[in-house]
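S.K.: We have chain A; now place chain B onto it with these hints.
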Amino acid sequence: VIFFQLSVSNKVKPDGWEEPRLIARLKQGDETAFKVLIEKYRHRLFSIAYGITQDREDSLDIVQEVFVKVFRNIGRFQEKSKLSTWLYRITVNHCLNWQRRWKRRLGWQHHSFDTTESNAIAGAESGKNDPESILQGKELEKMIQMQLAALPDKSRAVFVLKELEGLSYDEIAKILKIKRGTVSSRLFNARKKITAGLRAYGR
Amino acid sequence: MAVREKEMRDGCDVYNPVQLSRFADGEMDDDTSQEIGNHLGHCSICRQMVEAHHHLSTISKAVLKAELSLGEGLRIESRVIEHVRRKQPRTDGWAAVFMSKKVLIPVAAIASFGLFFLFSMKPDMPLVGPSAIIESFSGDISSVIIMETPESHETVLWYSENENAQRT
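Those protein sequences? They're chains A and B, same order as listed.
Counting from 1, one number per residue, gives the positions in the first sequence under the numbering used here.
Counting from 1, one number per residue, gives the positions in the second sequence under the numbering used here.
Just chain A, with the same shape it has in the complex:
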């Protein structure tokens, strides 16, 4: 059945792949299971990577590396946590290592503002689509991105997991292997800095 499915269609549907079954098949090295995993998580992992690195190309590479790492290490996954928690942890660690690497090499502090979702911010803030609102939205987006880039890496990771994924403090603590109180304080400080930065720009 698996061979037939592979030879006929490359598109897999994650529906019906409950986590225990998916993990079991991944551990067997089943190619279809990996396709399901990628289909299920690539968007979320990419969003997290992009939120932390602020670089589209690097985020693509990071997500790719994360899946390869999962393939190599799935045998060691003990299922004490959810699969998503494990995936998020690998992604965040990869992002932080990536930034350490580049900071060492280039004194990295770059941001890419070429996102195609620029208009989203305008809609999110005002619900208007007129050019003035879009322009204001883009400016605000740039300002927030600048504030985000200026945050310490670990605070940015907490902020991204909270705001983007809507994870609880306990879930974030598990992913980053830190205390719940640390999550709370990092999150509070990140918001405080971003708000202060925006005030400085008169927002």
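Check each hint, because a few of them may be wrong.
[Claimed, not checked] In silico lysine-lysine, DSS-like type, Cα no more than 27 Å apart, as pairs:
(1) B:Lys102 to A:Lys27
(2) A:Lys138 to A:Lys192
(3) A:Lys69 to B:Lys65
(4) B:Lys65 to A:Lys138
(5) A:Lys174 to B:Lys65
(6) A:Lys138 to B:Lys102
(7) B:Lys102 to A:Lys192
(8) A:Lys13 to B:Lys102
(9) A:Lys192 to B:Lys87
(10) A:Lys154 to B:Lys61
(11) A:Lys174 to A:Lys193
(12) A:Lys179 to A:Lys193
(13) A:Lys40 to B:Lys65
(14) A:Lys138 to A:Lys40
(15) A:Lys27 to B:Lys87
(16) A:Lys40 to B:Lys102
(17) A:Lys154 to B:Lys65
(18) A:Lys80 to A:Lys174
(19) B:Lys65 to A:Lys177
(20) A:Lys82 to B:Lys65
[Unchecked claim] Stretch by stretch, here's where chain B covers chain A in the computed footprint (C-beta under 8 Å, at least three residues):
(21) 16 to 27
(22) 45 to 56
(23) 82 to 93
(24) 153 to 159
(25) 182 to 194
Don't read these hints as lab results, they were simulated from the structure.
Backbone N, C-alpha and C fix where the C-beta goes; we use that ideal spot for every residue, glycine too.
M.R.: Relative to the frame of chain A, chain B by itself:
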């Protein structure tokens, strides 16, 4: 306006910003959440802080949200699956199984041993020798042809001699 700014600066005596942040994140226990909810009804300072928190969350979510294009998604999938295939033993048919080194090397070794023993155990074959022996020859020859008959294995020696040569 000045009074309001002063209030914001000084904050509220009942709840601090960290507590309000946790409340806005839904991280307070039910009783405390209820208390803070009631407090927000009459404290404009705390209410504004919670509203500001939600506002920042909404904007941040929009800024952080990044969609993968179809091409980018496929690129990730194809590269990862390529890696998975490369690192995996092939089990997609008998031919692949037989062509794998694990099978091929022992089979080749066994075949070599088999061939070696087959030839070393072969009974002695009669040697095919010449059917006529030339005892002596003196003189000059200009050309020689040596032939063997196919079934009786007789050797035929033909040569062209000069005047002083002798045939045996």
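S.K.: Are the hints correct? Go through all of them and say.
M.R.: Hints, one by one, checked against the model:
Between Lys102 (chain B) and Lys27 (chain A), the direct Cα distance comes to roughly 23 Å. Compliance with the 27 Å bound is thereby established for this hinted pair. Note on Lys138 (chain A) and Lys192 (chain A): the hinted pairing holds, with a Cα-Cα distance of about 21 Å set against a maximum of 27 Å. Our distance criterion of 27 Å between C-alpha atoms is met by Lys69 (chain A) and Lys65 (chain B), whose separation comes to about 24 Å. This hinted pair checks out: Lys65 (chain B) and Lys138 (chain A) have alpha carbons roughly 14 Å apart, not beyond 27 Å.
In summary, the hint linking Lys174 (chain A) to Lys65 (chain B) is supported, as the alpha carbons are separated by about 23 Å, within the 27 Å threshold. In summary, the hint linking Lys138 (chain A) to Lys102 (chain B) is not supported, as the alpha carbons are separated by about 61 Å, beyond the 27 Å threshold. Restraint check for Lys102 (chain B) and Lys192 (chain A): the C-alpha separation of about 62 Å exceeds 27 Å, so the hint is violated. At roughly 36 Å between alpha-carbon atoms, Lys13 (chain A) and Lys102 (chain B) are farther apart than 27 Å, so this suggested pair is violated.
With a C-alpha separation of about 47 Å, the suggested pairing of Lys192 (chain A) with Lys87 (chain B) is violated against the 27 Å cut-off. A hinted pair counts as satisfied when its Cα atoms are at most 27 Å apart, and Lys154 (chain A) with Lys61 (chain B) qualifies at roughly 18 Å. For the given pair, Lys174 (chain A) sits about 24 Å from Lys193 (chain A) by alpha-carbon distance, which is consistent with the 27 Å threshold. For the hint linking Lys179 (chain A) to Lys193 (chain A), the alpha-carbon distance of about 21 Å falls within 27 Å, and the restraint holds.
Between Lys40 (chain A) and Lys65 (chain B) the CA atoms are separated by roughly 17 Å; this keeps the pair inside 27 Å, and the hint holds. Restraint check for Lys138 (chain A) and Lys40 (chain A): not satisfied, since their Cα atoms lie roughly 30 Å apart, outside the 27 Å limit. Between Lys27 (chain A) and Lys87 (chain B) the CA atoms are separated by roughly 14 Å; this keeps the pair inside 27 Å, and the hint holds. For the given pair, Lys40 (chain A) sits about 36 Å from Lys102 (chain B) by alpha-carbon distance, which is inconsistent with the 27 Å threshold.
Between Lys154 (chain A) and Lys65 (chain B) the alpha-carbon distance is near 19 Å, which keeps this suggested pair within the 27 Å criterion. About 11 Å separates the Cα atoms of Lys80 (chain A) and Lys174 (chain A), which keeps this hinted pair within 27 Å; it holds. Only pairs whose Cα atoms come within 27 Å are accepted, and Lys65 (chain B) paired with Lys177 (chain A) is accepted, the gap being roughly 24 Å. With a C-alpha separation of about 23 Å, the suggested pairing of Lys82 (chain A) with Lys65 (chain B) holds against the 27 Å cut-off.
Counting residues of the stretch 16 to 27 of chain A whose C-beta sits closer than 8 Å to any C-beta of chain B gives 0, which falls short of three, so the coverage hint is violated. A stretch counts as covered by a chain when three or more of its residues have a beta carbon under 8 Å from one of that chain; for the stretch 45 to 56 of chain A and chain B the count is 5, and the coverage holds. For the stretch 82 to 93 of chain A, the stated coverage by chain B is violated: 0 residues have a C-beta nearer than 8 Å to a C-beta of that chain, whereas at least 3 were required. Figure legend: the stretch 153 to 159 of chain A, annotated as covered by chain B; annotation inconsistent (1 residues with Cβ-Cβ distances under 8 Å, at least 3 required).
Under a criterion of three residues with beta carbons nearer than 8 Å to beta carbons of chain B, the stated coverage of the stretch 182 to 194 of chain A is upheld, 7 such residues being counted.
Violated hints for the displayed structure, listed by number in ascending order: 6, 7, 8, 9, 14, 16, 21, 23 and 24.
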